[in-house]
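S.K.: Listed below are the residues making up each chain.
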Amino acid sequence: LQFLYFIVPCLPILDLKMDHYEGAVSQHEEERQAMWRIITLGVIFFVAVVVRLFSVLRFEAIIHEFDPWFNYRTSDYLVEHGIYDFYNWFDVDVWYPLGRIVGGTIYPGLMVTSMIFSRVLALVNFHVETRLICVFLAPIFAGNTSLITYWFTKEIWSERAGLLAAFFIAIVPSYISRSVAGSYDNEGIAIFALVAVFATFIKCVKTGSLKWVFISVLTYYYMVNAWGGYIFIINLLPLYTLVMLFIGRYSLKLHVAYSSWYVLATLICMQIHFVGFQAVQTGEHMAAAGTFFLLQAYGFINFVRKHLDPAMFKELLSTLMIGFGTVGVAAAIIGSATGYIAPWTGRFWTLLDPTYAKIHIPIIASVSEHQPTAWSSYFFDFHMLAYLIPVGVWFCMNRPNEGTIFITVYGMSTVYFSGVMVRLMLVLAPAACVLGAIATSELLLGFIKSLTKEKDATEIKKESKKKGKAAAQLDQAASNDKINTGFQWAILVGLIWTILTYVMHSTWAASEAYSSPSIILAARGHNGERIIFDDFREAYQWLRVNTERDAKIMSWWDYGYQITGMSNRTVLVDNNTWNNTHIATVGKAMASKEDVSYQIMKKMDVEFALVIFGGMAGYSSDDINKFLWMVRIGGTLDNDIKEADYLSPGGRDYTVSQSGGAAMLDSLMYKMCYYRFGEDKIEGGPSGYDRVRNYEIGRKKFNLEYIDEAFTTEHWIVRIYRVKKEQNRKPTPPPNVPLIPSFETAPK
Amino acid sequence: MSNDAKSIFGAFKKSYDANTSQTLRVCDAFIVFFLLNCLVLFAYCNIVGSFPFNAYLGGLFANLGMLIFTVSLRMQAAPANKPQFRECTIQSSFCDYCLCSILLLFTAVHFMG
Chain A
1 LQFLYFIVPC LPILDLKMDH YEGAVSQHEE ERQAMWRIIT LGVIFFVAVV
51 VRLFSVLRFE AIIHEFDPWF NYRTSDYLVE HGIYDFYNWF DVDVWYPLGR
101 IVGGTIYPGL MVTSMIFSRV LALVNFHVET RLICVFLAPI FAGNTSLITY
151 WFTKEIWSER AGLLAAFFIA IVPSYISRSV AGSYDNEGIA IFALVAVFAT
201 FIKCVKTGSL KWVFISVLTY YYMVNAWGGY IFIINLLPLY TLVMLFIGRY
251 SLKLHVAYSS WYVLATLICM QIHFVGFQAV QTGEHMAAAG TFFLLQAYGF
301 INFVRKHLDP AMFKELLSTL MIGFGTVGVA AAIIGSATGY IAPWTGRFWT
351 LLDPTYAKIH IPIIASVSEH QPTAWSSYFF DFHMLAYLIP VGVWFCMNRP
401 NEGTIFITVY GMSTVYFSGV MVRLMLVLAP AACVLGAIAT SELLLGFIKS
451 LTKEKDATEI KKESKKKGKA AAQLDQAASN DKINTGFQWA ILVGLIWTIL
501 TYVMHSTWAA SEAYSSPSII LAARGHNGER IIFDDFREAY QWLRVNTERD
551 AKIMSWWDYG YQITGMSNRT VLVDNNTWNN THIATVGKAM ASKEDVSYQI
601 MKKMDVEFAL VIFGGMAGYS SDDINKFLWM VRIGGTLDND IKEADYLSPG
651 GRDYTVSQSG GAAMLDSLMY KMCYYRFGED KIEGGPSGYD RVRNYEIGRK
701 KFNLEYIDEA FTTEHWIVRI YRVKKEQNRK PTPPPNVPLI PSFETAPK
Chain B
749 MSNDAKSIFG AFKKSYDANT SQTLRVCDAF IVFFLLNCLV LFAYCNIVGS
799 FPFNAYLGGL FANLGMLIFT VSLRMQAAPA NKPQFRECTI QSSFCDYCLC
849 SILLLFTAVH FMG
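Same order as they appear, the protein sequences are chains A and B.
Counting with the numbering used here, you get residues 1 to 748 for the letters of the first sequence.
Counting with the numbering used here, you get residues 749 to 861 for the letters of the second sequence.
If you're looking for bench data, these hints aren't it; they were derived computationally from the structure.
Fair warning: there could be bad hints in the mix.
To be verified - So, partial list: chain A residues that the calculated Cβ filter (under 7 Å) puts toward chain B: (1) S209; (2) L210; (3) F214; (4) L252; (5) S259; (6) S260; (7) L267.
Glycine included, C-beta positions come from ideal geometry on N, C-alpha and C.
Please put together the full structure from these sequences, using the hints given.
M.R.: Quick look at the structure:
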């Protein structure tokens, strides 16, 4: 398989040598080129699928992480119950006691795509389990993305750049990270739809034909169905139109393309329940509307200009501009002042001001994907493309047309946004691949051309003797400008070597960094044997088999989707995180003393509480490491929960050792994680030695008053506790408390 | 001021009458019709109320869409613009116009509920 990876980059280079750079190509030559093209694209598709299969080979075909479990559960429901029941589904198993209107709060594209695959295969009597379709959908669509990127780059630049772009995007680590087999998430199909919308829109602008608007809008409809990131498209296309206007490239084709596209696209995206009226009522869509209006005003003024002589037109112009301007500004002011046009939501303010979320909305700030990007991520996720982006932009600026200006605007805007949030690196990936491909294609072409022409240097000298002295001087000057031949060879070889290391790096990144299922962990033992930690599934299976069907489980929101997906039980909060108060209630329960938490758990009908504890196994993404976020979020509900109480007194350390804060050592989370942990000595160390925090815990011996330990998995990673029922008789009070209970000790 | 407006309007009308073929006049008539429809719907919504909002949007976007498509068709059909729309013959333009109109009206009727 490694050998194959070395062949793939050679194919586009061979393709470069195969065709003639100048002059017409014969019929035979064209057919040969077409054959090479098909073979290359076929191999690229195969590579795109295969590089994403590492986790299936190492573990099994399982759905990874957290969000994909919700997508899988809904796809399963859709395949089983059909589309009407799916759109009208009110899920009572999540966000107890609120429930969730799934039909109206979901982007159904992913589920419907899986259902279509399932039905089509069933038509030819291939009855494939939904789980397998879901696991392998993203790699197949990654192959599709390569093909569509080939076509996109062919429209912008050339066929050769297209092949290189397809090759780059097939294995770029940034895209692999969100589309491995098992990562059944919206981005897997959304990147394909994104590039398709851009490619068809460029076709609209280049031809000015309504047929392409039709195709582009249908592709956009698929994109809006697939992912909430369609907001990027509906803001990028107006930005592109404005840029074209401001640099004086207004054309009737652009007018036709954008206006028709906007009206049809807005109407069609409102058909999706989740979007609904947002398309005309929120600030995020207003840029598109404003550009539409501006374009109509511009077009109308141009139309009037054609029928008047310049002097008269000058008088009219100011009136027209004032008229249109007043209407536009009045609409904007009335819209935002009356609150009819909703202002930008917190998620989008974070894009402009990265510190906004930390201050105002801790839930958004706590997600690791929303952190600002480190420099090393650019190299890790893009390798050579990271430094080829500016080179590609330079080549595009030398040949400005509709396509190249578009890719420049797309590239520059995504470079900015990718710096704000790690998660948006994915949106930069297609632009990086296209720009990198343009740069690589032109560099390879230029150097190969000039190196193959070097051999004809003696012939040039003969020619110049015939042409005469003046021509000879020009030729001499031209050859003096050339770079030294040895240097050219060095650059060419270096570029090809870089492409090969790109392949090696991408394969390595896919294999080591991005193929972990998160739900199964693996480690190497002393003798190098592989130890599998299957604790998550063990715990969820225990819940599925040993609890009542209507049991309510309380855990932190990260695990909500997995619990409903695998245990089929009701949860209080899950990864949808739409209700911050409900999450804060759970946070407060986790962070408070046992008796306060007990009241909250009783109020929420909770029967089982679940925590993730990594101290025995050395698993560092556990709830103790996430606990401060629970405190912060819980503190938004109840002002008595202050972060400072949970840090060490005096110092500002977050610790669970003896010097930890009193509230920390008395919290429900501490007790649930470390119950009975202090009794065990691990491998000759002291008792209660936490392998993640690397010190002994503070409180080793304590009893649980309101909860019972129900189940702890093999490596102690998941711990489940049963909430005790109220006793028939209150326990007798300890001796030095007065027999008449005071109001402070009486239960609420 | 009104004299200027009258004379500008008169000059515009003269130039328009001289330079516009029958095909384009039909398109212009449709454009004015759709524009008036949009304004009537907008005024109606503001006076009577916007419930049900989806029906209002369906009607508004249908008219707005047909307006924009007719403007596009007019641009593609005008002989002065032929060098810019090299790949569009009048037949293919009209066919695309019908295709987009079908999608627009189908979506609008679906949206109206």
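S.K.: Against this structure, judge whether each hint is valid.
M.R.: Okay, the hints, checked on the actual structure:
Given the 7 Å rule on beta carbons, the hint for S209 (chain A) holds: about 5 Å separates it from the nearest Cβ of chain B. Below 7 Å, beta-carbon pairs count as interface contacts, and L210 (chain A) has one with chain B at about 4 Å; its hint therefore holds. With its C-beta approaching chain B no nearer than about 5 Å, F214 (chain A) sits inside the 7 Å limit, and its interface hint holds. With a cut of 7 Å, the hint placing L252 (chain A) at the interface with chain B holds, because the nearest CB-to-CB distance is about 5 Å.
Among the interface hints, the one on S259 (chain A) holds; its C-beta lies about 5 Å from the nearest C-beta in chain B, closer than the 7 Å criterion. Nearest Cβ of chain B to the Cβ of S260 (chain A): about 5 Å, under the 7 Å cut. The hint holds. Taking 7 Å as the C-beta contact cut-off toward chain B, the hint placing L267 (chain A) at the interface holds, the least distance being around 4 Å.
When each numbered hint is compared with the structure, no violation occurs for any of them.
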